[in-house]
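Taken in order, these protein sequences are the chains called D and Z.
If you read the first sequence in numbering that gives the first Met the number 0, its first letter stands for residue 0, the second for the next number, and so on.
If you read the second sequence in numbering that gives the first Met the number 0, its first letter stands for residue 0, the second for the next number, and so on.
What the hints contain is simulated information worked out from the structure, not anything from laboratory work.
Every residue, glycine too, gets a C-beta built ideally from N, C-alpha and C.
Keep in mind that the hints are not guaranteed to be accurate.
[As the list claims (entries may be wrong)] Partial list, computed: chain Z residues near chain D (C-beta under 7 Å):
1. F19
2. E24
3. Q39
4. L42
5. S53
6. E54
7. A187
8. A188
9. K191
10. I195
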Amino acid sequence: MNEQELAKKIVQRLDQGLGRIRQGTLYKLQSARLAALDRYRTAPQPVLGLAWAGDVAFRISHSRYVNARNMLALGLLLLSLIGVTYWQLAIQSSDIAEIDVNLLTSELPINAYLDSGFEAWLKRSSQ
Amino acid sequence: MLRINPKQTPLATRKELSDFLAAVERRAYKQALFAARDEQVALDAVQDAMMKLSEKYSARPSTELPMLFQRILQNTIRDHFRRQKVRSLWTPQMSSLGSGEDGDDHDPLETLQVQPDSNPQEAPSDRLQQAQTLELIEEALRTLPARQRQAFLLRYWEDMDVAAAAAVMGCSEGSVKTHCSRATHTLAALLKDKGISL
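Here chain Z stands alone, though its shape is the one from the complex (with noise of 0.2 Å):
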C-alpha cells in the first residue's frame, strides 16, 4: 500500500502536478486505448486516474509522480477488465467491446488529420505511409498480451527503469526484462509480417 510520509520534501506543487498531468495525459490515453480498444472507457480510466492522483498523493514529491501515476492507471484498467467479466457474465456479449472497431473496412485516410506543425512540403502520400504504418504499429500493440505490452509502454515509451516498471507492474524486475524482450521480438515480427520495416 502507497503511504503518505511527511516528512519528505520536497512535495509536488499544484504547478507540478499540473505540467506532469500534461505532460503524461496523451500517453496514458492511447495506454488505457491500447488495453480497452473503447475511447470512453479510456479516457475514464486516464480521468480516474487523474483524480486519485491528485487527491490522494499530490502531497508527494514531484519525482515520484510518474511511478504512482502509472500504477494507479495500471489499477484503473485492470478494474476495469474485471468489472467487465463480471457484466459480461449477466449481460449478452452484444453489448461488450468492440464498438469502436471496423475490422477490416477500417480507412487510415478517415483518421488522417492535418497536423498543425506539418510540413505543407512533405508529399500527401508519405504522410499517408506515415498514418498507415503508425495505424499497424498501434494495431500490433493492442494484439501483445497485456503485461507485454504493459512492460514494453514503461520501459521504453515512459521511459522507466526495469526497477520502476517492476514495481509499477508488481513483479520481479526480471519478469519486466522478458516481457519487455517478448515484446519487441513479437512486434518485430508482426511488422515483417506486414512489410514494414522502421
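The shape of chain D in the complex, shown without the other chains (with noise of 0.2 Å):
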C-alpha cells in the first residue's frame, strides 16, 4: 500500500469518528459558531483618510503590537532610561559639588589655579 492509499484510509477511519463525537462537545460547537457569525462584518470597516498617510493613526492604532503588554512594557523601558539618566546627572553634578567645596575650602587661593607656572611645579612635584 502506497502513502496516499494508507493516508486515504486513514482519513476515512477518521471521519467516521467525527460522528462518535459527544452531543454536548457538539452542541457547545455549534453555539461558537452562532457566536462567531454574530460577529459577521458584510464589508471591511471604511476608513477615511489619504491612501496611506492619513491612515497612520489607524494602522498604528490598529495595530497587533499596540496592546497593553507591549504598552507596559515600553513603559517601563522609558522610566528606567530616565532613571538610569537621572542617576548619572545627579552622579556628574555631585562630583562638581565636590570639586567646588574642595576648592572653596582650600587654603590654597583660586588664582592660584590659573597660574601656568604652579601647574608646571604641580606636574613636577607629582612625577
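Two chains, two separate frames, one set of hints: put the complex together.
Pasting the structure below:
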C-alpha cells in the first residue's frame, strides 16, 4: 500500500470518528459557531483619509503590536531610561559640587590654579 | 500579515461563512484535540479561531476561507502552547495537561456511542472493533511530532494542496512533503505494531 492509499484509509476512519463526538461537545461547537457569526461583517470597515499618510493613526492604533502588554513594556523601558539618565546627572553634579567645595575650603587661593607656572610645578612635583 | 483587499470579489456571504464553519467545526475540534489533548482547550481554540475569522476576515472571498481558518486555528493552538510553557514556569506541574487521560485503564466501550445512522444489523463486535481501530489511529496521530501531524491533517484530511498547506504552516512546499511522508510512514509503523491493517 502506497502513501496516498494509506493516508486515504486513515482519513476515512477519522471521518467515521467525527460521528462519535459527544452531543454536548457538538452543542458547544454549534454555540461557538453562532456566536462567531454574530460578529460577521459584510464589508471591511471604511476608513476616511489619504491612502497611507492619513491612515497612519488607524494603522498604528489597529496594529497587532499595540496592546496593553506591549504598552506596559514600553512604559517600563522609558521609565528605566529616565531613571538611568537622572542617576548619571546626579552623580555628575555631585562630583562638580565636591570639586567646588574643595576649591573653596582649600587654603590655596583660586588664582593659583590659573597660574601656568604653578601647574608646571604641580606636575613636576607629582612625578 | 493577512490584508484585506476590497477589490477582491465575490465576498463570502453570511450563509457561506455559516456553511463553511459548520462543515469544518468537527474536524477543527479534532485537530485541536490531537494537539492539545484537552477537550476544553480544543473547544476554546476552535471558538477563538471562528471568532477571529468571522470578525476580521469574513469580508474575503469564500474560496480563501479554508486557508485563512486553518492558519488562524494553527496559530491559536501554537499560542496555547506558548502560554502553557510560560505558565508551567510559575505553577507546579500537577496542574498541567493530561487531566482527561486515564492511561492504560481506558476502555473504548465507555466512549462507544450508538450512531443515529448506524446499521442495526451490524454486529456489536464489528462496531467495537471499529471503535478500537479508530482509538488506535487517533492515539497514533497524537504521538506524531506536531509538524508532521499538522502536515498530514492539512494535506489529507483538509484536502489542501501542498502550496496551501505550506502557506498555512509557514514553511516550504518541500518541507510539507517531507513532513507528510514521515507522518505516513510513522503511522504505518505504529499501526502495524498494534496489529492493525486498514
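Going down the list of hints, with the structure as the test:
no.: 1; hint: F19; verdict: 10 Å, violated
no.: 2; hint: E24; verdict: 5 Å, holds
no.: 3; hint: Q39; verdict: 9 Å, violated
no.: 4; hint: L42; verdict: 5 Å, holds
no.: 5; hint: S53; verdict: 4 Å, holds
no.: 6; hint: E54; verdict: 4 Å, holds
no.: 7; hint: A187; verdict: 6 Å, holds
no.: 8; hint: A188; verdict: 11 Å, violated
no.: 9; hint: K191; verdict: 11 Å, violated
no.: 10; hint: I195; verdict: 10 Å, violated
The structure fails hints 1, 3, 8, 9, 10 (numbered hints given earlier, in ascending order).
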